[in-house]
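Top to bottom, those sequences are chains A and B. In terms of my numbering, the first sequence has 279 at position 279, counting the first letter as 1, and numbering is strictly consecutive. In terms of my numbering, the second sequence has 64 at position 64, counting the first letter as 1, and numbering is strictly consecutive.
It should be emphasised that the hints constitute simulated quantities derived from the structure, not laboratory data. Built from N, CA and C at the ideal position, the CB exists for glycine as well. Hints are not guaranteed to be accurate.
[To be verified] If you anchor each label on the Cβ, the simulated ranges turn out as follows:
id: 1; chain 1: B; residue 1: 177; chain 2: A; residue 2: 261; range: 47 to 55 Å
id: 2; chain 1: A; residue 1: 38; chain 2: B; residue 2: 108; range: 19 to 27 Å
id: 3; chain 1: A; residue 1: 230; chain 2: B; residue 2: 58; range: 47 to 55 Å
id: 4; chain 1: A; residue 1: 207; chain 2: B; residue 2: 177; range: 51 to 59 Å
id: 5; chain 1: B; residue 1: 66; chain 2: A; residue 2: 136; range: 39 to 47 Å
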Amino acid sequence: MNKIDKSLLEQVSDLHKISLGAFNIRKNGEVLDRKSTKEIEIVKKKDKSGIDIFIKKDVKNKAVHIPVIITVGGLNDLVYNDFYVGENADVTIVAGCGIHNDTNETSTHNGIHSFHLAKNSRVRYIERHIGEGKGEGGKILNPITKIYQKENSYMKIETLQLGGVTSSVRKTFASLGDGAVLNIQENILTEFDQTAKTLFKVHLKGKNSRVEVVSHSVAKNNSYQVFKSDVIGENECFGHVECDGILLDNARIVSTPMIDAKDSNSSLVHEAAIGKIAGDELIKLMTLGLSQEEAEKLIIKGFLMG
Amino acid sequence: MLRIENLSYNIADENSEKEILNNVTFKFDKNKIYVITGPNGSGKSTLVKNIMGILSPTGGKIFLDEEDITNLPINERANRGIAYAFQTPVTFKGLKVKELLDIASGKTNDFNTLCDYLSKVGLCAKDYINRPLDDKLSGGELKRIELALVLARKAKINIFDEPEAGIDLWSFDNLTKIFKSLKSTNIIVSHQTKILEIADCVLLLKGGQIQKVGKYEEIKPYIQSSTCGKLRGQDE
C-alpha cells in the first residue's frame, strides 16, 4: 500500500477513529485485503463482483469497514455488497469510496449496497466520498443503497461528500416495517463545475415506522445540486424531510421534496430552504472578531460538519 | 474613550429621505453604565449599530481612544474592544455553544472557564457547551448565551441592545448584577426601569437626537412624557 492508498483509506474510512474489526478493502476493482471475524463473515460473491456480509445475531459494538479506493484513470468499477444484519445486533459499518485520479481519463465507481436488518437490530452506516488528483479525468461516484428494515430495527446513515467529486448520482431506497426507524443525514459540498444528485425513496410500510432525512448542501462556483425525496406513508407512521442549501457564487440547487400519505394516519412533513449565507450570521461572527471570509468558512464548516 | 461626533444616519427610497439619526454628538467615559432609552423609532438601535459598524453612518465620525473608526469593518472594531449583544440572538446550524465561546474569547477554553461564563447567565455548562446554538434552544436560553458571548469578549465597551427582552424566568436582578460587575463601559438600549436605575447616565433619544442626558431620576419626567405612557416595564 503506498502513500496515496493510505491517505485515501484514512479519509474514506476513518480507520484511526473506529477500531478495526472485519474489513474488505477494494482497490482498482480488485480485493486488496479482507478479514472476517467470528461474529462478522465476509464472503465473496460467486455470480458477480462483490461481497456478502453476514453479521450474526446479538453482536454488539463491532465495526465493519469496506472502503473502496481507485487510483487509476479509465476504470469503471461496479460492485455489489449485501449486508445481512442479525437480530439484536448493533454495529457500525463504514463504507465509501476515494478516487485519486491524476490522469485525463474518467474513473467511475458504482457501489450497489443492500442492507437487510433483522428484528431489533441497529446499524450506523457511515459513507464518505472523496475525489482528488491533478488530472482532467472525471471522478464519478454513483452509489445505490437499498434498505430493508424489519420490526423495530434502527438505521442511521451519515453521508459526507466534501468536494472533489466531478459528478455523483446517489440513490437510496428503503422499506420500513413495524416500529422501524431510519435516520439519514447527508452533507454535500460541490464546487467548480461539479454536479451532485440525490434521490431518496422511502416506503413507511409498518405501523409506527419513522424516517428522518436531513440534507445539508453547499454549492460553490458553477456547481449544481439536485435533491429529490419521496416519502410514502402506508400506515400509521411519521416522516420528516429537511433540505437546507447554501448557495455561493453562481451555483444552483434544486430541491423537490415529495410526500405521499397513502394512509390517513400518516404524518409527513417536508421543509426546504435554499439561499445565501444569512447576513445576520456573518455579522454576529464578525462582532466576535472574525473577518467576513473567516466567518463564511466557519458557517459552512458548521453547516456541513456540525 | 468612545466619542461620536455629528453622527447622522438617513435612509432613502426613490421619493424621499428619512432621517433616523440627526447630528448626534456624545462622549462615553470609561467604566460607566450608559442606558439609551426613548420611544420606538427614536434611533436607539440605529445608534448602537452605527457604533458597532453594523450600519454605516451617512454623516459624522466615531472615535475610539481618539482613533477614527468610522470606516472600520465590524470585526476590526470588535478586535479594538467593542462587543455587541443582539436584541434578537442569531442562531446557526451546526456551531456549538463551546465553539462560539472559544471564538468570542479568542482561545480554547477549559471546562471551568466555560462554566464561569455560562453560570454568570444562570446556565449550567455541562448542559449547554456541546449543544448547537440553533433554534432548538428557547428564546430565553439564546438570550442568556448571547450575554455569555459578550462576557467572553472581555471588551472595553459592551453594547447590549434590549438585553431584558425575552430573558424568561431569569430575574432582572441577575442581569443588573452582571452590568454592575463588568469593568468596562456598558452601553445598554433599554426601556426597563431596573436597568435605567443602575445607569450612571441615561440618554433620552427622540426623533434621532439626544433630548436629555442625566441620572434616571432627572430624566424620568421627560421619559414619561416622551413615550406617552407607553414605556414598557415601567410598572413591572
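Verification of the hints:
no.: 1; hint: B:177 / A:261: 47 to 55 Å; result: holds (53 Å)
no.: 2; hint: A:38 / B:108: 19 to 27 Å; result: violated (43 Å)
no.: 3; hint: A:230 / B:58: 47 to 55 Å; result: holds (52 Å)
no.: 4; hint: A:207 / B:177: 51 to 59 Å; result: holds (54 Å)
no.: 5; hint: B:66 / A:136: 39 to 47 Å; result: violated (57 Å)
Figure legend: structure checked against the earlier numbered hints; hints not met, in rising order: 2 and 5.
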